[in-house]
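Peer 1: Produce the entire structure from the sequences given, and follow the hints as far as they go.
Chains V and H supply the protein sequences, listed in that same order. For what it's worth, our numbering labels the leading residue of the first sequence as 549, then goes sequentially. For what it's worth, our numbering labels the leading residue of the second sequence as 299, then goes sequentially.
These are computed hints drawn from the structure, not numbers from a lab. Only a predicted model underlies this, so the values are computations on that prediction, with no experimental measurement involved. C-beta: ideal position from N, C-alpha, C; glycine also. A few of these clues could be false.
Claimed, not checked - Derived pair list, reagent style DSS-like, types lysine-lysine, alpha-carbon separation capped at 25 Å: (1) H:Lys405 with V:Lys559; (2) H:Lys405 with V:Lys785; (3) V:Lys559 with V:Lys785.
Stated by the list, open to error - Coverage of chain H stretches by chain V, computed from C-beta distances (three or more under 8 Å per stretch; other residues unrestricted): (4) 364–376; (5) 379–386; (6) 393–401; (7) 477–484.
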Amino acid sequence: MLNYRILAVLKRELKERLFSKAFIITTFLIPGLMIFVVGLQVLLRSTESKNLNFEFITEDQKLIDRFKKELLQSDFVTKRNYNFNFYSMSKEKLYEYIQKKRNEITEEKLTGIIFIPSSTLKDKRVEYYSKSPQNLTLSRELEEPINKVLVDVYFMNKALSQEELNFVRKGIDFSGFKVSKDENIKKEGYGNLILAYVFSLLLYISLLVIGQLTMQSVIEEKSNRIVEIVLSSVNPKELMIGKILGASITGLVQMGIWIFTIIGITSFSWVMLPEDLIMTIDPKIVAYVLLSFFIGLVLFISLFATIGAIFDNPQDASSGIAPIIMLIIVPFFIAISIMEDPNKPYAEIASMLPFFSVIVMPSRMSLVDVPNWQLFVSILLNILSIFALFPIAGKIYRVGILVTGKKPKWSEVIRWLKYKY
Amino acid sequence: MTYSLEVKNLTKRFGNILAVDNVSFEVPDGSIFGLIGRNGAGKTTTIRMMMGIYLPDSGEIILNGAKIGQDFKNKVGYLPEERGLYKKMKVMDTLLYFAELKGKFGKEIIKKAEEYLKKFELYDRRFSKIEDLSKGNQQKVQFITTILHDPDFIILDEPFSGLDPINTNLLKDIILEMRQKGKVIILSTHLIDYAEKMCDYVAMINQGKIILKGPLKEIKSKYSQKNVSLTYEGDISFLKENPMIEKIENFGNTTGIRIKEPHQVQQLLKLLVDRNVVIKQFNANDISLYEIFIELAGKDENNKKIESLIC
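Peer 2: See below:
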């Protein structure tokens, strides 16, 4: 099937694509951006925020010492620059006090006032007054020590052993365990969710970029009238195969670079990534993604090339390209939606459907164990689609590529199928 | 005369338009063959069918007794009317790519490409991108791609369109040189003057049909018997009334005069001398291809508007 003419076309396409600006930018900018984002997070986590001054006020004076003891022992106070001053006053006084402190608070000399009313011992409601009261870090950090004091005080006079107290103090730790066919049951964090998201995003970007590049290159050949000279040596099918293979290999190289960059980053920054975010990248997933993506590229790019052949400028082509873009965007949204719950009823079907499977399956695969037969079916259906589509796409390409002038109507394109060429 | 390339009964329709209608002609070996006709007459469609770019509805192209295939494509150098190159590609890469598509690669072809580039004064631009060349230089590159793989057949569709006089001459010289090397050159053009100067054989196509074909000399002698081509100074309007004159046509520098009987040529000359017309050139039995074309193609134009065909 591959003769020297196809190879010559393929070689030229590869040379032109792999060194094109668009390819270099998308291929290296995206991993660069990923590294940047990861690095930035690590950086942000490690930088200290400026001195934070809090006033910790209880309505019940008896509680102050307990809170003082508990808080000043906590990690976040000892290791970071959180300063606490402890007071006691009644609720009525507090409002006056806050009025008085208003300037300090708005000028951020005082970060916030934490108020423990007496009623807290019954309903565990704590009040926080600040310029920016939605402070997740603070509430997360304070929750445990405050709860501990409240629990201690609450059960103080009740006969409970230390062990019982410890149990009561504890919150709930919800750990997810992934059950798979493997013998080991692994504790799983959010890493695989992120992986699923990254896969979907990369596949989506790459299909769009490579597809559009191919379409532009077909339009260029058509509008620059290069195609007639090429066709005097090569038949249109050979030209089309060469172009599609060239673009698909380019896409595969791009995806390869991306995936191996991810593997590189995740294994390199093991330490920096919180345990919850560790991804397990199964070689089987990598192999499947690369294979299915290559077949998907061939399938999608035949469509992009066909659309390119119908129109002779990018503006006209953008109207024809919309349905194909939908075939990329809809699976992308499905892939994102199944991250919430990989067992959604449509997940299984969408992950095997031709066109859809290219984006949906990798995402589903990284979340749940997909039976091998489903992987096989998804690839088989895509290959069958290529064989079903190719004669039609080839015909439209063959006729379209030599037709220039006004924008053809779809009815004309259908008529092309009947032409003898 | 041997014909290695024959076009037989080619027909091509685009929807309701009959672009090429039962066209047949034979291209003799080692000749320059002119396919002439107006724009839209069906020349390009015929050539595209010869190149396998269009499939004919019916008819075939025979090379050495067999239907043509990929083999033929490799032996042809084709310069289409609508020209184009990859703008971002370098000159040398472009030349090598098109040769590779014809199955020619390696050191020899690189050497040959360099030779041609020197000949066309493009050698120092060999690593420039096509888009950085002037239009004339781009056309030169295009022409080198047509002949670099040493084709046996060279098909040139309107080769002179858009060329300046110097490049036109360059191209003409190369075409004549190719004929000397025994190549077959098929020249499609609506510039009938060029065809007349260069071609050994012509086929005239009008509205998709061949209306005349054969060796140029024979065609001319057949149509020229009662024709005189005249260059003069003075007034010849008196001829219009003369009973022996059938038609006078002014072609600018020369005037074509058709008489009713061949033997009246001497009378015409005498008449002109008697009337003190200064004769600079008097060519008996001479007719331009253009005149023949107008005569043949013009026949049905008076009552029928020429449809413009897809070409």
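Peer 1: Next, verify each hint and record whether it holds.
Peer 2: Hints versus structure:
1. At roughly 18 Å between alpha-carbon atoms, lysine 405 of chain H and lysine 559 of chain V fall within 25 Å of each other, so this suggested pair holds.
2. With a CA separation close to 29 Å, the supplied pair lysine 405 of chain H and lysine 785 of chain V exceeds the 25 Å bound.
3. Distance restraint check for lysine 559 of chain V and lysine 785 of chain V: the Cα-Cα separation of roughly 16 Å lies within the 25 Å cut-off, and the hinted pair is therefore satisfied.
4. With a cut-off of 8 Å between beta carbons, the segment 364–376 of chain H has 5 residues touching chain V; three or more are needed, and the interface restraint holds.
5. Three residues within the 8 Å Cβ limit are the bar, and the segment 379–386 of chain H against chain V gives 7, so the coverage statement holds.
6. Only residues whose C-beta sits within less than 8 Å of a C-beta in chain V count toward coverage, and the segment 393–401 of chain H has 6 of them, enough to reach three; the restraint holds.
7. Coverage of the segment 477–484 of chain H by chain V is violated. Counting CB-CB distances below 8 Å, 0 residues qualify, and the rule asks for three or more.
The structure shown violates the earlier hints numbered 2 and 7.
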